[in-house]
Structure formats: structure tokens, C-alpha cells
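Q: Single-letter residue listing:
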Amino acid sequence: MLMPKPLLWSKPSAVMRYAVAVISVILTLLLARMLEHYWQTTPFVSLFFCAIMFSAWFGGLRAGLLAIGLSVLVFDYYFLQPLHSFLPNLNELPRLILFAISGLIVGLLSAAQRSATESLREARDDLAAKVDELRRTNDALQEEITERNRAQQALHKVQADLAHMTRLTTMGELTASIAHEVNQPLTAVLNNANACLDLLMHGAPNLGEVREALTEIIDDADRASAVIMRVRQLAKGAPIEKSLLNLNDIVNDVLTLARYESAARQVAIRTELSEGLPLVLADQVQLQQVLLNLVVNGMDAMSAVEASRRLLIICGRRETRNSTSEALISVQDAGIGFKSEEVDRLFEAFYTTKPQGIGMGLAISRSIIEDHGGHLWAEQNQRSGATFSFSLPAAEIAKS
Amino acid sequence: MTNVEAIVFIVDDDLSVRRSTERLIRSAGLNVQTFLSAQEFLKNPRPKGPACLVLDVRMPGFSGIDLQRELMQLGINIPIIFITGHGSIPMTVRAMKAGAVEFLTKPFRSHALLDAVHSALERDRSAYKERSETEELREHFEQLTPRERQVLALVAAGLLNKQVAAELATTERTIKFHRAHIMQKMGAESLADLVRMAERLGVSSQG
Ligand SMILES: Nc1ncnc2c1ncn2[C@@H]1O[C@H](COP(=O)(O)OP(=O)(O)OP(=O)(O)O)[C@@H](O)[C@H]1O
Ligand SMILES: [Mg+2]
Chain A
8 MLMPKPLLWS
18 KPSAVMRYAV
28 AVISVILTLL
38 LARMLEHYWQ
48 TTPFVSLFFC
58 AIMFSAWFGG
68 LRAGLLAIGL
78 SVLVFDYYFL
88 QPLHSFLPNL
98 NELPRLILFA
108 ISGLIVGLLS
118 AAQRSATESL
128 REARDDLAAK
138 VDELRRTNDA
148 LQEEITERNR
158 AQQALHKVQA
168 DLAHMTRLTT
178 MGELTASIAH
188 EVNQPLTAVL
198 NNANACLDLL
208 MHGAPNLGEV
218 REALTEIIDD
228 ADRASAVIMR
238 VRQLAKGAPI
248 EKSLLNLNDI
258 VNDVLTLARY
268 ESAARQVAIR
278 TELSEGLPLV
288 LADQVQLQQV
298 LLNLVVNGMD
308 AMSAVEASRR
318 LLIICGRRET
328 RNSTSEALIS
338 VQDAGIGFKS
348 EEVDRLFEAF
358 YTTKPQGIGM
368 GLAISRSIIE
378 DHGGHLWAEQ
388 NQRSGATFSF
398 SLPAAEIAKS
Chain B
24 MTNVEAIVFI
34 VDDDLSVRRS
44 TERLIRSAGL
54 NVQTFLSAQE
64 FLKNPRPKGP
74 ACLVLDVRMP
84 GFSGIDLQRE
94 LMQLGINIPI
104 IFITGHGSIP
114 MTVRAMKAGA
124 VEFLTKPFRS
134 HALLDAVHSA
144 LERDRSAYKE
154 RSETEELREH
164 FEQLTPRERQ
174 VLALVAAGLL
184 NKQVAAELAT
194 TERTIKFHRA
204 HIMQKMGAES
214 LADLVRMAER
224 LGVSSQG
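Chains as they are written, first to last, in our numbering: chain A, 8 to 407; chain B, 24 to 230.
Everything labelled a hint here was simulated from the structure, so no lab data went into it.
Glycine included, C-beta positions come from ideal geometry on N, C-alpha and C.
Where hints are given, some of them may not hold.
Claimed, not checked - Pair ranges (Cβ atoms, derived):
{"#": "1", "chain 1": "B", "residue 1": "V116", "chain 2": "A", "residue 2": "T327", "range": "52 to 62 angstroms"}
{"#": "2", "chain 1": "B", "residue 1": "R146", "chain 2": "A", "residue 2": "D226", "range": "58 to 68 angstroms"}
{"#": "3", "chain 1": "A", "residue 1": "R266", "chain 2": "B", "residue 2": "Q166", "range": "46 to 56 angstroms"}
{"#": "4", "chain 1": "B", "residue 1": "R69", "chain 2": "A", "residue 2": "G380", "range": "55 to 65 angstroms"}
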């Protein structure tokens with residue numbers, strides 16, 4: 008709000024302005040008459056200029072003109088020969104005219120100053136109003152930004168929850184596969200441990216053989232716990248955490264979990280991974296999820312195809328797009344493929360052609376990849392089946 | 024050990040399971056030979072002695088069930104112990120009907136496997152005895168001349184020397200001579216013995 012400043016009060020009302028002009032002229036008259044009476048001096052003509060100046064400054068041009076007019080009349084009537092008459096002597100006329108001109112100049116100057124002050128005040132008021140408005144807009148904007156950030160955070164949270172949920176359903180399809188990956192080393196551990204007992208029961212045990220068995224027990228226990236750790240990581244709804252990753256490792260992790268499932272479905276999986284695949288900055292679990300989903304989809308697409316032709320090829324290589332380096336992973340199947348008009352629908356949420364499908368797999372995968380600044384797309388193969396690929400920007404490795 | 028000549032075949036594509044199962048069975052004093060796929064098992068020559076097969080059901084490509092079917096078609100009657108990740112009941116029933124000895128689910132108790140191996144070998148040992156005797160007989164039979172085979176078939180059919188001679192349009196003396204030769208070649212101790220051998224070989228006059 009505006010703080011009133013002494014020199015910049017707002018314009019008084021018209022009545023007030025004229026009243027001040029009249030009163031100041033009257034007061035000047037009284038003062039001048041008193042001075043003349045008590046000191047018997049020539050009247051203080053300059054006093055009228057003060058009244059005019061004050062009136063013009065206080066009330067503006069018109070009040071100033073009123074004060075000038077009144078002053079000229081009063082001056083003529085009370086102080087010029089013949090006194091008490093509005094008709095001045097001829098030889099007094101120059102004085103009257105000079106008085107009038109001086110009054111006019113003083114009044115105009117004062118009024119001009121007044122109006123300059125006024126425009127200044129108006130400009131300042133304007134500015135203040137503008138500033139005020141700007142501040143209000145800014146506040147509103149700030150609020151909007153906070154609101155949007157909050158919405159974005161909520162969206163991210165929902166997205167992460169959804170990703171977690173679909174991850175669990177995908178893993179649900181792989182339970183037999185995962186159990187197998189734990190049971191294999193467990194079986195080996197039991198076998199080796201029992202073999203050790205047998206070996207040690209003999210009179211002169213073959214310690215070399217016992218040591219070998221124990222070493223294998225340790226290796227297999229490690230293998231089982233690595234699988235469990237991987238599964239636990241996937242199952243946990245851990246917050247997103249980006250780190251430098253080698254996509255070859257992601258492919259191997261996923262194949263460990265899906266290997267048995269693929270054998271059960273009589274799908275051969277071939278990998279063509281290039282050593283030159285650049286590192287990417289990404290969340291490990293989310294990328295595993297994307298790949299897992301593409302692999303499961305590929306196997307699904309081939310279930311209606313003759314067993315000898317069920318081949319899934321996972322390729323990894325470096326690509327250069329617009330002179331920036333990218334890591335590209337593609338999953339190529341020999342399945343039933345899709346129709347070209349379907350290609351955009353595949354990525355829609357809840358679009359599915361499978362009786363047990365939810366239709367979230369590809370939608371989630373695409374949002375994960377785009378969150379990482381990459382692309383996920385589908386192509387039809389020339390001969391049969393489809394290829395789903397994603398690319399991620401290569402991580403900038405600090406030059407050391 | 025009386026078991027020395029018996030052998031246990033293991034077919035499993037997983038290295039650690041294969042190696043550890045081998046060690047377990049070996050430490051129980053048995054001979055073991057391992058194969059990493061069904062194809063490899065079929066391709067390689069195997070010793071003839073009493074044997075059993077420890078077979079992983081789920082293997083990429085050629086599954087354990089496929090191998091069982093293939094062996095049956097080849098007339099190889101080896102007792103099979105199936106190892107499986109998760110035995111579905113219909114699959115188990117099918118495999119058992121086709122002659123599987125045991126169906127173990129991973130991770131199995133080592134004693135369960137060893138017990139199964141022992142009983143499978145026991146079963147195959149008697150089968151093997153029969154097999155090898157028949158084999159021996161067949162080898163002997165192969166040494167007979169076509170004429171002698173004819174005589175054997177008729178003798179086994181219960182004909183007297185005289186009747187055989189008439190049948191083959193020759194003298195009784197010649198038949199007596201053939202018979203003595205046949206008894207010697209076949210290693211038969213008596214006529215009854217010879218008849219039993221002929222039955223076992225499925226030799227009949229109808230040819
Ligand atoms: N490799 C593929 N070949 C042909 N069609 C595919 C392939 N992958 C996906 N699709 C099509 O895209 C649809 C959507 O796939 P998406 O992974 O999003 O869901 P879904 O697999 O049906 O179900 P879920 O949510 O369980 O993954 C599938 O139903 C299928 O019609
Ligand atoms: Mg899917």
C-alpha cells in the first residue's frame with residue numbers, strides 16, 4: 008500500500024481548492040491592512056504574491072487564477088489611488104498592470120510546479136501499482152510452480168508404484184524359472200555335502216576330492232545367493248537410483264532369471280553383445296524390468312510358432328544419432344508380429360491381446376526409458392516377428 | 024565290491040548339478056559316466072554292463088522325456104531315474120508308465136537318489152544277466168551252419184531223430200552227427216538244455 012508523503016498528497020477537492028485561494032487572499036488583505044495601519048508603511052504587495060503562490064501550488068492553475076483575480080481586485084480597491092474604488096488613476100495603471108503580470112507569472116510558475124509534482128506523483132503511483140501487480144503475478148506463478156512440482160512428484164510416485172506392480176506380475180510369470188535357478192545350486196550343495204560325508208567315512212579319505220567338493224559348495228551357495236539378491240532387488244519397491252551401468256550385465260542378469268522359462272517354452276535365446284557398448288547412467292532395476300518385459304513378450308509372441316523356429320536374439324551395440332553416442336539394445340523374435348496400424352497402440356496402457364495380459368508392460372517400459380532420456384520403439388521384421396529396441400544416451404565419462 | 028562293473032549314467036545340462044551328482048554317486052562306490060545332453064548320450068558308445076540313467080527332465084532342445092521315448096524306440100531298456108525342477112503330475116505319470124524307476128524333485132535328498140540308484144541297478148543287474156546270457160546264446164547260434172539251424176529248430180519242436188531225418192530227406196546217422204555238433208557248439212549239457220536254449224532264442228521250424 009502507498010505511504011502518503013508530505014509533498015505529494017493527492018489533489019484536494021475543487022471546493023477546498025477555491026476556498027483556500029479565497030481565504031489566503033483575504034488573510035493577506037487583512038495582514039497588509041494591519042501592517043499599513045500600525046507601521047504606516049507602503050503596503051506589502053509581495054504578500055499577495057505569497058497568497059497567489061500558495062493558492063496555485065495548493066489548488067492548481069484555476070485556484071491560482073482565482074487568487075490572482077481576487078488579488079488584483081483587492082490591490083486596486085484598497086491600495087491604489089483613489090482608494091475604495093475599482094477605477095484606478097491613470098498614473099497608477101502601470102503599477103496595477105505590473106502587479107497583475109507579476110501575479111500571473113508567480114501563479115503560473117507555481118501552478119506549473121504543482122502540476123509537475125502531480126505528474127511525478129501520478130507516475131510514482133502508477134509505478135507502485137505496476138510493481139504491486141507484478142508482485143501479485145509473481146506470487147501466483149510461484150504457487151503454480153510449487154503446485155506443478157507437487158503434481159510431478161505425485162506422478163513420479165504413481166509411476167514408480169505402477170512400475171513396481173507390473174514388475175511383480177512379470178516376475179510372477181517367472182516364478183518357476185526363478186525357483187529353478189535357486190534349486191540347481193541347492194541340489195549341487197546337498198549332493199556335494201553328502202559326498203563329503205561319504206568320503207570322510209572311509210578309512211583314508213581322499214582329501215583332494217573333499218576340498219574340491221567344498222570349493223564347489225561355496226561356489227554354488229554364492230550362485231544361489233546371487234539369484235536371491237537379484238530377485239529381492241527386483242521385488243523391492245526401492246526408490247530410483249541411477250548409477251553407471253553396463254547394459255551387457257543387465258542382459259546377463261535378466262537371462263539368468265528367464266533362462267529356465269525359455270527352456271520350458273522351447274525358446275532358444277542368442278545374444279550378440281558388443282564390447283563397445285557405452286555405459287549408461289540409469290536405474291539398474293528399472294532397466295532389468297524393461298528388458299525382462301521385452302523378453303517375456305517375445306516368448307509370448309512365439310508360443311504359437313513351431314518350436315524349431317522359436318529364436319530370440321538380443322543385440323547390444325553402440326549407435327551414433329545426431330553425432331551423440333547411444334547404447335542400443337534390441338530384442339528380436341520370430342513370433343506372430345503385429346499389424347502396422349497397431350504399432351502405436353502397443354504402447355498404450357491396458358492395450359493387450361493376451362487373455363491373461365494386463366497391457367501395462369510396454370506402457371511402463373516406454374515411460375521408464377523416456378525418463379532416462381531414451382527411446383523405445385517397435386518394428387516389424389522383414390521375414391517374421393517383431394523387434395523391440397531401446398536406446399539410451401551414453402553416459403559422459405569424466406576425462407581423467 | 025560286487026558292484027564294480029555296474030555303471031550310472033548322468034545326463035544333466037547344468038555343470039554343478041552334473042558334477043556334484045557324479046561325486047555323490049562315485050563316493051558311494053559306483054562307476055559314473057556323465058553326458059551334458061541327451062544327444063551326447065545317444066551318440067557315444069556305452070559299456071554293456073548293468074546300468075541305470077539319472078536324467079534331468081528339463082533340458083533345452085532334447086528333453087529327458089524325449090530321450091526316454093527315443094531309447095524305448097531303440098529297444099534299449101535302461102532303468103531311468105528322473106530329476107525335475109517341478110514335477111507336474113501328468114508328466115510324472117507318463118514317465119512312470121514308460122518305465123521310469125523314480126521321479127525326484129530338486130532339491131532332492133541325496134539318500135533318496137542313492138536308494139533309487141541302487142534299486143535301479145539291482146533291477147538292471149538281473150535284466151543284464153538275462154541279456155548277456157541271451158547274447159551269449161545268440162553268439163553260439165550264429166556259429167551254426169544253416170543245416171544245423173534247421174536241425175535245431177526241428178529238434179526243439181520235439182521231433183525224434185528219425186522224424187527229423189525224414190523231414191530233411193537224409194539219414195538218421197547224419198542227424199545224430201549234426202545233433203552232437205550242435206550240442207557242442209551251443210554248450211548244451213542235455214537235450215532238455217538245448218530245447219530251453221532254442222526257446223529262449225525263439226528258434227522255430229517255421230523260420
Ligand atoms: N514381441 C511382440 N510381438 C508381437 N506383439 C507384441 C509383442 N510385444 C507386445 N506385443 C503386443 O503388444 C501388446 C501389449 O504388450 P504389453 O507388454 O504392454 O502388455 P501384455 O504383454 O499384453 O501384458 P502385460 O501387462 O502382462 O505385459 C501385447 O498384448 C501384444 O499384442
Ligand atoms: Mg508384456
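Q: Decide, hint by hint, whether the structure agrees.
A: Hints, one by one, checked against the model:
no.	hint	result
1	B/V116 <-> A/T327: 52 to 62 angstroms	58 angstroms, holds
2	B/R146 <-> A/D226: 58 to 68 angstroms	35 angstroms, violated
3	A/R266 <-> B/Q166: 46 to 56 angstroms	55 angstroms, holds
4	B/R69 <-> A/G380: 55 to 65 angstroms	59 angstroms, holds
Of the numbered hints listed earlier, the single one contradicted by the structure is hint 2.
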